[in-house]
Amino acid sequence: MTHDLGGGFNNTSKDAAYAFRAIMDALARPGYIAALGGLSPPDPLSIAQAGIALTLFDHETHIALKGRYGTDAVRAWLSFHTGTYFTVPEKADFIICDHDNIGPLDQLRQGSDEYPDQSATVITAYPRLSDGACRLTGPGINDEVMVSIADPSPFRDGQRSFPLGVDFILTHDAHLMGLPRTTQMEMC
Amino acid sequence: MTSINPNSMTDDYNFAYLDEQTKRMIRRGLLKAIAIPGYQVPFASREMPMPYGWGTGGVQVTSACLTPDDTIKVIDQGADDTTNAVSIRQFFEKTALVNTTTDTEAASLIQTRHRIPEHDLSEGQILVYQVPIPEPLRFLEPRERETRKMHALSEYGLMHVKLYEDIAHHGHIATSYAYPVKVEERYVMDPSPIPKFDNPKMANCPALQLFGAGREQRLYAIPPYCNVVSLDFEDYPFTRLKADTICALCAANDSYLDEVIIDDSGTRMYVCSDTHYCEDRQSKGHTGTANSLDDPDNVDRPISNKGGDNAASV
Numbered sequence: 001m002t003h004d005l006g007g008g009f010n011n012t013s014k015d016a017a018y019a020f021r022a023i024m025d026a027l028a029r030p031g032y033i034a035a036l037g038g039l040s041p042p043d044p045l046s047i048a049q050a051g052i053a054l055t056l057f058d059h060e061t062h063i064a065l066k067g068r069y070g071t072d073a074v075r076a077w078l079s080f081h082t083g084t085y086f087t088v089p090e091k092a093d094f095i096i097c098d099h100d101n102i103g104p105l106d107q108l109r110q111g112s113d114e115y116p117d118q119s120a121t122v123i124t125a126y127p128r129l130s131d132g133a134c135r136l137t138g139p140g141i142n143d144e145v146m147v148s149i150a151d152p153s154p155f156r157d158g159q160r161s162f163p164l165g166v167d168f169i170l171t172h173d174a175h176l177m178g179l180p181r182t183t184q185m186e187m188c
Numbered sequence: 001m002t003s004i005n006p007n008s009m010t011d012d013y014n015f016a017y018l019d020e021q022t023k024r025m026i027r028r029g030l031l032k033a034i035a036i037p038g039y040q041v042p043f044a045s046r047e048m049p050m051p052y053g054w055g056t057g058g059v060q061v062t063s064a065c066l067t068p069d070d071t072i073k074v075i076d077q078g079a080d081d082t083t084n085a086v087s088i089r090q091f092f093e094k095t096a097l098v099n100t101t102t103d104t105e106a107a108s109l110i111q112t113r114h115r116i117p118e119h120d121l122s123e124g125q126i127l128v129y130q131v132p133i134p135e136p137l138r139f140l141e142p143r144e145r146e147t148r149k150m151h152a153l154s155e156y157g158l159m160h161v162k163l164y165e166d167i168a169h170h171g172h173i174a175t176s177y178a179y180p181v182k183v184e185e186r187y188v189m190d191p192s193p194i195p196k197f198d199n200p201k202m203a204n205c206p207a208l209q210l211f212g213a214g215r216e217q218r219l220y221a222i223p224p225y226c227n228v229v230s231l232d233f234e235d236y237p238f239t240r241l242k243a244d245t246i247c248a249l250c251a252a253n254d255s256y257l258d259e260v261i262i263d264d265s266g267t268r269m270y271v272c273s274d275t276h277y278c279e280d281r282q283s284k285g286h287t288g289t290a291n292s293l294d295d296p297d298n299v300d301r302p303i304s305n306k307g308g309d310n311a312a313s314v
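First to last, the protein sequences are chains A and B. Heads up: the first sequence runs through residues 1 to 188, numbered per our numbering. Heads up: the second sequence runs through residues 1 to 314, numbered per our numbering.
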């Protein structure tokens, strides 16, 4: 069976540069909703998930596809564009999943005391990214910001204490929002 | 010789010089650095077409962050027109075809060696520091394995002993640059050799601050609006330090001043280290003692390098 491998970056270098700035803005300013574009990935990958993948994945990364993302079409598309390796979530640098399928965080890589950077980043789809009832505070946030996260527990339960932890990028279509381990979440 | 079409320059160099795989590696490192403020992320620093000590770390970070829409400013000790700043600015003009500026407020990305601009930075700006020795504990403990363990355990007593010894020897904390800070109450971080005058500008800064050490192969970051505290003691609080005078060119009393020796008898002139800040003030009509040549007091003492006719009267 052949898969459609089109829909990647047109100009790898410049498109990845724009995409990275969107990703970095999102992680440096939690609650800020960044956007990237110019991609037509295979379902069910969103444009933002695909953009993050093509900007950050290569032969030095191991990634895990959970649930409905674990299709041959997605695997073939990511392999073709990035050359990345596939593995189980417990060993992955990046995990692509849905927000209700993140699974227990204590089973993901959270880094070590000496190297807390050797930890997983979860790239999850989220139904809606906008203003909402969840208050975020912490580094990158001027005072506080309110976002549309309905339940913080999947992102925080099982998270080891700082500096260890898992970082999240929430995506919806072409939009993305960063949720690093330093962000405190509180429902109001 | 063939003429060079500027639009085709990226055919000669990949955008912003570095290859894509290197940029991805640096980008992954930068994201983890942002997620763990003040923590030093190891990265596979590349050889750059400039010697170590000339900002190879900063250049790699800038290269990984740059987009074609950016306007960059490069400063070396506050100055836009010194060799290091000019060569790095031209490097990115040539390899990324980005716009450059000397105006702090107009720049979207500022690469700096050893200063933070005097103008307040704003949200969306990125400040990239060139870092020679990223490890604040390195001169106290030379072994990387040990310093890494000390960071893991938040074991920073040694740094306080060092500051205490400063007080014991000199009566005050004599460390005047690369003054250690604690980020988000966790990691002690070297702010690069900026004067401690600049330290308070790192705290709660709206801009994203990124640090690159090329030779030492480390990246670290301070996200916007971060808690950054200069280490001190209750009875010896942190103090800023600057020359106790005003700028001889623009009369600024709030900027960091460079001391310039201007003749063989050791006469000194103090001028703003931030050249853009100084020029901006002068263009708004502020004049210091050295460039108000209409002032009769100054006619016989031409201490500006624009001496002109007055130079003959020395």
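Since the hints were made in silico from the structure, they are not lab data. A portion of the hints provided could be inaccurate.
Which residues of chain A face chain B? A few of them, derived with a C-beta cut under 10 Å, are [said to hold, decoys possible]:
1) 10
2) 16
3) 18
4) 25
5) 104
6) 106
7) 107
8) 111
9) 114
10) 133
11) 135
12) 178
Here a beta-carbon is modelled for each residue, glycine too, at the ideal position from N, C-alpha and C.
**Request:** Tell me if residue 133 of chain A is really an interface residue toward chain B, meaning its C-beta lies closer than 10 Å to one of theirs.
**Result:** 22 Å, violated
**Request:** So, residue 107 of chain A near chain B? Judge it on the closest CB pair being under 10 Å.
**Result:** 19 Å, violated
**Evaluation of the interface hint that places residue 10 of chain A against chain B, nearest CB under 10 Å** = With a closest approach of 13 Å, the residue 10 of chain A hint is violated.
**Asked** Should the interface hint for residue 106 of chain A be scored as holding, given a Cβ-Cβ cut-off of 10 Å against chain B?
**Response** At about 18 Å, which exceeds the 10 Å cut-off, the nearest Cβ of chain B leaves the hint on residue 106 of chain A violated.
**Asked** Does the nearest C-beta of chain B fall within a distance shorter than 10 Å of the C-beta of residue 104 of chain A?
**Response** Check failed: Cβ of residue 104 of chain A comes no nearer than 20 Å to chain B, outside 10 Å.
**Item:** Status of the residue 135 of chain A interface restraint (C-beta, 10 Å, chain B)
**Value:** 15 Å, violated
**Prompt:** Can residue 25 of chain A be said to touch chain B, with a Cβ gap under 10 Å?
**Reply:** Status holds, d = 8 Å.
**Prompt:** Given residue 18 of chain A as an interface hint, is the shortest Cβ-Cβ distance to chain B below 10 Å?
**Reply:** Constraint on residue 18 of chain A satisfied, holds at 5 Å.
**Message:** Does the closest beta carbon of chain B sit nearer than 10 Å to the beta carbon of residue 111 of chain A?
**Reply:** 8 Å, holds
**Prompt:** Was the hint right that residue 16 of chain A lines chain B, CB cutoff 10 Å?
**Reply:** 7 Å, holds
**Request:** Could you check if residue 114 of chain A really has its C-beta closer than 10 Å to a C-beta on chain B?
**Result:** 5 Å, holds
**Request:** Return the status of the interface hint for residue 178 of chain A: holds when the least beta-carbon distance to chain B is below 10 Å, violated otherwise.
**Result:** Result: holds, 8 Å to nearest chain B Cβ.
When held up to the earlier numbered hints, the structure conflicts with 1, 5, 6, 7, 10 and 11 and fits the remainder.
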